[in-house]
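Visitor: Chains as they are written, first to last, in our numbering: chain A, 1 to 308; chain B, 1 to 385.
Heads up, simulated DSS-like pairs for lysine-lysine below, C-alpha to C-alpha not over 27 angstroms straight-line:
1. B/235 <-> B/224
2. A/107 <-> A/206
3. B/42 <-> B/314
4. A/107 <-> B/235
5. B/235 <-> B/222
6. B/146 <-> A/107
Cβ-Cβ distance ranges computed for the label pairs, FRET-style:
7. A/96 <-> B/39: 36 to 46 angstroms
8. A/158 <-> B/186: 53 to 63 angstroms
9. B/196 <-> A/134: 37 to 47 angstroms
10. B/324 <-> A/88: 27 to 37 angstroms
11. A/281 <-> B/186: 27 to 37 angstroms
12. B/107 <-> A/133: 22 to 32 angstroms
13. B/244 <-> A/196: 30 to 40 angstroms
14. A/139 <-> B/138: 48 to 58 angstroms
15. B/324 <-> A/100: 19 to 29 angstroms
16. A/146 <-> B/146: 45 to 55 angstroms
What the hints contain is simulated information worked out from the structure, not anything from laboratory work.
Just so you know, even glycine gets a beta-carbon here, dropped at the ideal spot from N, CA and C.
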Amino acid sequence: MFDGYTFSELTSILAMQGFAGLILFSVFVLMALGLAIIFGQMGVINMAHGEFMILGAYVTYICSNVFSTYLPSLFGIYFFVAMILAFIASGALGAAVEWTMIRHLYKRPLDTLLATWGLSLILQQVYRSVFGAREVGVTLPDYLLGSFQLTDMVEVPINGVFVMCLTILITAGVAYLMFKSAWGRQVRAVVQNRAMAGAVGINTAKVDRGTYALGCGIAGVAGSAFTMVGSTGPTSGQLYIVDTFLVVVFGGAQSLLGTIASAFAISQSQSTLEFFLSGSMAKILTLLTVVGILMLRPQGLFSLKIRR
Amino acid sequence: MNFKISSFANRTEIFGFLVLAVLIVVILPLALDIFRLNLIGKYLTYAFVAIGLVLCWGAGGILSLGQGVFFGLGGYCMAMFLKLEASTPEATKIQSTPGIPDFMDWNQLTELPWFWEPFHSFPLTLVAILVVPTVFAYILGVAMFKRRVGGVYFAIITQAIAAILTILIIGQQGYTGGVNGITDLRTLMGWDIRTESAQYTLYFVNAFLLFVVLLVAQYVRKSKLGRLLVAMREKEDRVRFSGYSVANFKIFVFCLGAAFSAIGGAMFTLQVGFMSPSFVGIVPSIEMVIFTAVGGRLSILGAVWGALIINQAKTLLSEAFPELWLLAMGGLFIAVVMAFPNGLAGLYTTYVEPRLPKFLSGNGGKDADDDSDADVPLASKQAAE
Chain A
1 MFDGYTFSEL TSILAMQGFA GLILFSVFVL MALGLAIIFG QMGVINMAHG
51 EFMILGAYVT YICSNVFSTY LPSLFGIYFF VAMILAFIAS GALGAAVEWT
101 MIRHLYKRPL DTLLATWGLS LILQQVYRSV FGAREVGVTL PDYLLGSFQL
151 TDMVEVPING VFVMCLTILI TAGVAYLMFK SAWGRQVRAV VQNRAMAGAV
201 GINTAKVDRG TYALGCGIAG VAGSAFTMVG STGPTSGQLY IVDTFLVVVF
251 GGAQSLLGTI ASAFAISQSQ STLEFFLSGS MAKILTLLTV VGILMLRPQG
301 LFSLKIRR
Chain B
1 MNFKISSFAN RTEIFGFLVL AVLIVVILPL ALDIFRLNLI GKYLTYAFVA
51 IGLVLCWGAG GILSLGQGVF FGLGGYCMAM FLKLEASTPE ATKIQSTPGI
101 PDFMDWNQLT ELPWFWEPFH SFPLTLVAIL VVPTVFAYIL GVAMFKRRVG
151 GVYFAIITQA IAAILTILII GQQGYTGGVN GITDLRTLMG WDIRTESAQY
201 TLYFVNAFLL FVVLLVAQYV RKSKLGRLLV AMREKEDRVR FSGYSVANFK
251 IFVFCLGAAF SAIGGAMFTL QVGFMSPSFV GIVPSIEMVI FTAVGGRLSI
301 LGAVWGALII NQAKTLLSEA FPELWLLAMG GLFIAVVMAF PNGLAGLYTT
351 YVEPRLPKFL SGNGGKDADD DSDADVPLAS KQAAE
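With the rest of the complex left out, here is chain A (with noise of 0.2 angstroms):
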């Protein structure tokens, strides 16, 4: 398949993928790093976090459109106040969720996937009457638009760079928030072992609702993100959530770093053969040597020593 490229080509094709990729992965990455919270952390197995990204979309748009109608000239920043606000409508919706379904389905994991598969289906068809089944886009500011030129025939998008760095600073800030501060602490407490975090005074419950929530709305900033890459439509979401997974139990579930690094795997992968090959095969072939890889080692690429 490299036939026919001279090796200067092939760098800069590869290159140009790399960078085109860099949206992909930052989808996958947000996308993950909250189900890797939910499920890595909790157990949970979230089959409606499709469904939570693609409220963060929905939120971006609708934030999209008032700006654009009504204050024209903040156009500017609007997406800034569609991604916290998208976290917030995902975080509360998860939060909700949490405290009406999963709290009672934590001793039975697979069933919280069966009921969120049933939260999923009532998502799709919320939104199917709310906003119509065509899919919808949103208008990105000017400055977003364009690519930086690097070579003749390298360009980097400029909102690919955007979403980056967004993606860098809201990792950092959840690997902060799970391994530096307090409440952190008390998450994992709870994670590893709930009756003993209990009798040392954490109240479960709320860490549980916190946690659960946190990976929601994380999913909702996802949905901006996925906003400037693709039109949002009802099932959108649902198209992600078998790649998330994946992302997740490639990279071992309990691993934020692993998360990142499988993303990485993952959508560069997928971004680099589909230059060479179809759009399908060249996913078949990512998902295949995924699953080839996880029957191979099970716990993912980076597993915590634990014992159990």
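Place chain B on chain A using the hints.
Guide: Okay, now just chain B, sitting in the frame of chain A:
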């Protein structure tokens, strides 16, 4: 051979089988016109998958989210045979290459791919319907269960495989018919499957196969193997320490579920007249888990009822209120998981069975109690407490 019916099924179960048999074989064919009956036949093909899931998931605790893969493989094997029969050189002489299926011609293929060749022969097709999905399940099972991949990880990997197969089928349009699937199937060995009499015949063949599968499943559940499956679901390590090869039992039951699904898939193709990737992927696979969950994950009869009732409700609701269908399905699903984890069958054994006349309640109360207690998963017992 020392075989007693009472060791195979207690009176309640026999009663359940009879009720289902009367409904499927007598009442429905008399009450419904052929169009509706054909739909029921289609729903019953999902029941094959649901029965397999009861064994894998309800008894063995292995939740596969990729049963659509096996349903699809079985269905595609049958569809490939029917398609080759429909694409005789005479029937396809307007194509640039006569004698190959029409979608291959549209995709500029000039000869039949090698893996289509065996499907010229009906006996080979029948073998393929059973063997291809089972071997595939065996490979997956060996790869995962031998490495002790289980539970959630197994569910996610099977789901990914369902996604991969769907993308593969859609992407390789020239070999598989792409997103439209394999359509325009007409005859089986010269017998027109689209006539009313053929549809009646197929319905009864389907019902017969369903009961064969039900009996096999019942046999497995009542055998020592069935007991071991339940034991593995509850305390896998103890079974392993007792010297049993846990992985082999899991592989066996997973393969059995795959074979059941494949039979369902083949019957689906015959009755509906086409096969497409929309019955292979993640959504149909999870829907099949829903049928099982609603019917009752511990009861093979419940699985059949679940498949029938949910699909009937889906047809009726989506005819009358298309908007409501997803809401109702999602709500029902949450309700089943939250409120009655053992589904309709659980409700039946808790509320209906105690009020049935004495002669139906089986081999005396004590034995039945033991049975139902052993079957309920620990987790749901804890949840109930």
